[in-house]
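J.: Each chain, written out:
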Amino acid sequence: MLLSSLPLSNLITELAIVTKQRHIHSFQDSTAAHYMFQDDPYLTPRTSAEFKLYSLSQESGRLAAKHIVNTNPKFFQKDFAEPHIPCLMPETMEPRIEDVSEAALLERIMLRKVKAAVDMYDQLLQAGTTVSTDATNDLLDLICLYGDHDPLQDDKPEVEDVEERKASESHRLGEDSLENNNAERIFNLLPERDTRAYSALIRGMVKVADVHIFNALISAATEVREKYNEKWDLIVELLKQMNEQKVKPNLLTFNAVLKALRRCGSLARAQSLHTLSEMKALGITPSLASFHHVLGIFYKTGNYLMLTEVAGRSFVPQDPDDVYFFSTAMRICLETKDLESAYRVHNLLNVGENWRLLGDSFQQSIYYGRFFNLLCMMEHIDVVLKWYNELIPSLFYPNPQGMKDLLQALDTDNRLDMIPQIWKGDSAFISLAQDIRRMGHDNKSDLVEELLSLMARDRHSPEVQESFAACALDVRSLYKQGQVAKVALEWTTASMTNITTILLAAQKTKQAWDMLNIFKTKNRVPSEELIDEFLVRIKDGQQAVELVQISASFCLPSTPNLAQRVLQEFELSEEQRYGGGGQKSICIPGSYLLFIHVLVFSF
Amino acid sequence: MNTLARVGTSICTNPETRALHVTASCCKNRAARIRVGKGDRPLTYEQALHPHHIGHRKGWLSQHTSNLMGENGAADRTVEDVFVRRFIFGTFHNCLANEIVIKRRGNMLVVCALMLQRLPPQKFYFLIGYTETLLSHFYKCPVKMEVQTLGDKAVYKYL
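Quick note, the sequences are listed as chains A and B, same order. Mapping to UniProt numbering: the first sequence position 284 is 284, numbers consecutive. Mapping to UniProt numbering: the second sequence position 6 is 6, numbers consecutive.
These aren't lab readings, by the way, just hints derived from the structure by calculation. Where is the CB? At the ideal position from N, CA and C, for every residue including glycine. One thing to keep in mind: the hints can contain errors.
Partner residues aside, some chain B positions facing chain A, computed with beta carbon under 8 Å [stated by the list, open to error]:
1. N14
2. T17
3. T23
4. C26
5. G106
6. L114
7. Q117
8. Y125
9. I128
10. G129
11. T133
12. F138
13. K140
14. Q148
15. T149
Make a model of the complete structure from these sequences and hints.
T.: Structure (structure tokens):
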């Protein structure tokens with residue numbers, strides 16, 4: 001077992017209590033859509049595209065309202081909330097305290113108005129009031145951070161294009177030494193200069209390489225070198241320089257190292273474990289992003305290790321890559337067909353705040369898609385259906401591939417009777433066909449054809465056949481033209497044959513006849529088995545003759561046999577007999593006709 | 001909608017003058033009653049029943065506690081209601097199926113509206129997000145909308 005050989009095994013102290021709890025997040029209601037939507041059938045999203053569209057349009061409405069509030073603050077000033085609610089007041093970008101006081105200075109510092117703050121400070125000194133050291137230190141920090149220029153405001157029009165802006169910024173950096181006069185001047189005016197003031201001034205003067213720059217360099221290290229060991233050497237060198245400059249590495253540094261190691265191939269495994277142990281030694285707890293990178297390095301074998309590490313812990317988002325952990329873990333579970341680990345990963349979602357780390361709706365759909373895929377493959381059909389009811393449509397909308405997997409699972413477990421809804425109203429079961437239609441997958445022809453072929457394949461009990469037939473009629477309407485803004489599906493021979501078979505099996509002969517007419521209009525030829533089945537069902541002599549005529553018009557090779565059978569099995573009146581007999585000559589296959597013609601003309 | 005009466009301030013402060021009504025009057029035996037006509041005008045249940053049926057066959061459109069004994073602020077709530085009704089009427093132009101119901105729970109304002117399915121759902125959501133945020137900032141309290149949609153207006157009677 002891989003666990004025992006790893007140095008981390010002695011660091012694994014948590015015992016994961018694995019229970020087969022199949023509950024979802026306690027706050028999630030599986031019968032309704034997401035709580036941000038209105039509870040109305042017209043306004044509930046049915047596909048993932050609609051989910052995104054509605055949530056984004058609601059958000060943009062909110063932003064529009066905020067914009068109006070911020071541009072017309074005079075209508076929203078009246079404050080009758082007790083206690084005061086600051087987030088419902090319009091956001092001010094301009095300082096409001098006009099008189100010369102320390103509060104005004106602090107306000108300007110908070111609003112990041114560098115020039116205004118410096119002016120206010122000068123006014124305060126001229127007026128003779130003493131400014132506290134804290135305020136002065138804050139002012140120094142502000143100046144040193146922004147380099148004595150006002151930061152760019154969001155609402156000022158950005159008329160310069162990118163290159164001009166870069167030129168002006170480099171110009172500013174060059175002039176920094178001159179502009180720091182302000183900072184030096186204030187520094188000199190300070191009655192007592194403590195360490196904070198000194199450090200602020202120094203930081204403003206010298207551009208020190210700090211943690212963030214090193215992190216960026218490490219991330220970029222994989223791009224600039226080709227071979228694995230060269231990449232690793234570069235990273236080690238960067239880390240050494242970091243050490244020399246006494247820059248302390250943080251979580252993002254280690255995550256950048258692990259991410260770079262993924263590109264380092266074979267020597268990644270040992271080094272990544274060393275990195276993890278370094279992190280533990282330094283007291284930095286690894287975030288989900290670190291585990292995600294390690295999973296990427298160790299691929300299939302890493303799952304057990306990770307799960308025991310992360311089990312039962314609540315994580316906080318610290319790294320942008322945290323959100324990929326769950327989908328990667330589920331991908332590995334899917335590829336190793338490991339149901340046990342999949343349940344453990346899913347249970348991890350229920351711990352504390354971990355559900356926040358599932359990411360945006362796209363990541364969520366990937367995660368749930370893989371989870372559902374695994375369930376369809378490995379679990380018993382009842383369990384699959386239970387999970388289906390829990391997950392869909394409240395948590396995710398499956399794509400056509402997911403629906404196909406579900407159909408295959410149903411097929412494997414011989415539960416094809418679930419396919420249409422059990423019309424008698426057993427609400428515990430799902431209506432797959434309706435769901436497929438509702439989710440907008442009804443324009444995916446391969447999915448629909450798969451559905452039809454599954455229904456047509458075997459014989460079932462009469463009620464099931466009834467429901468299949470109703471479903472087939474529903475599907476047939478999909479193929480017809482005329483739905484506004486919907487692309488009708490193209491008829492194929494297979495789909496038409498399947499629908500006809502289903503209808504025949506449910507004794508719906510009239511609709512089956514209609515289908516035969518559709519065969520004619522779409523220029524498709526029905527198979528001989530289909531015609532034979534028709535013959536079995538038909539009771540009426542007239543219809544039998546019509547069947548023979550239809551079969552003749554399609555020039556099917558079995559038409560003479562068909563005619564024979566009809567003559568024998570049915571009681572026909574004289575004219576039907578002659579009509580049928582007349583047809584017999586016509587239904588000689590075309591090749592024979594040609595042969596006869598050739599014979600005739602050659603003589 | 002009734003316009004609010006405006007009285008000149010100089011008349012208010014001066015004790016020897018008489019006040020003038022400068023708006024149109026609406027007698028109480030004509031308010032909120034739609035009279036019998038040709039028979040081609042569709043009415044909703046709300047419109048068809050007259051105000052003396054409130055509490056018997058009709059509910060209240062605006063629910064708050066300031067009309068209870070010992071509670072203050074009835075006039076303020078009424079003015080807020082009037083503003084909210086006009087605001088929603090204008091924002092969801094031509095989409096309202098009936099009068100909106102305004103409920104106050106705690107410090108929250110809940111606006112319950114019946115809408116017609118005249119707009120695509122994403123436009124509804126845009127307007128709902130916009131309304132909620134704008135009214136929250138205006139009244140400094142959380143405002144929520146509960147919307148139900150109908151195909152067309154529910155007609156109770158033709159008068």
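J.: So which of the earlier hints does this model not fit?
T.: 1, 2, 3, 4, 5 and 6
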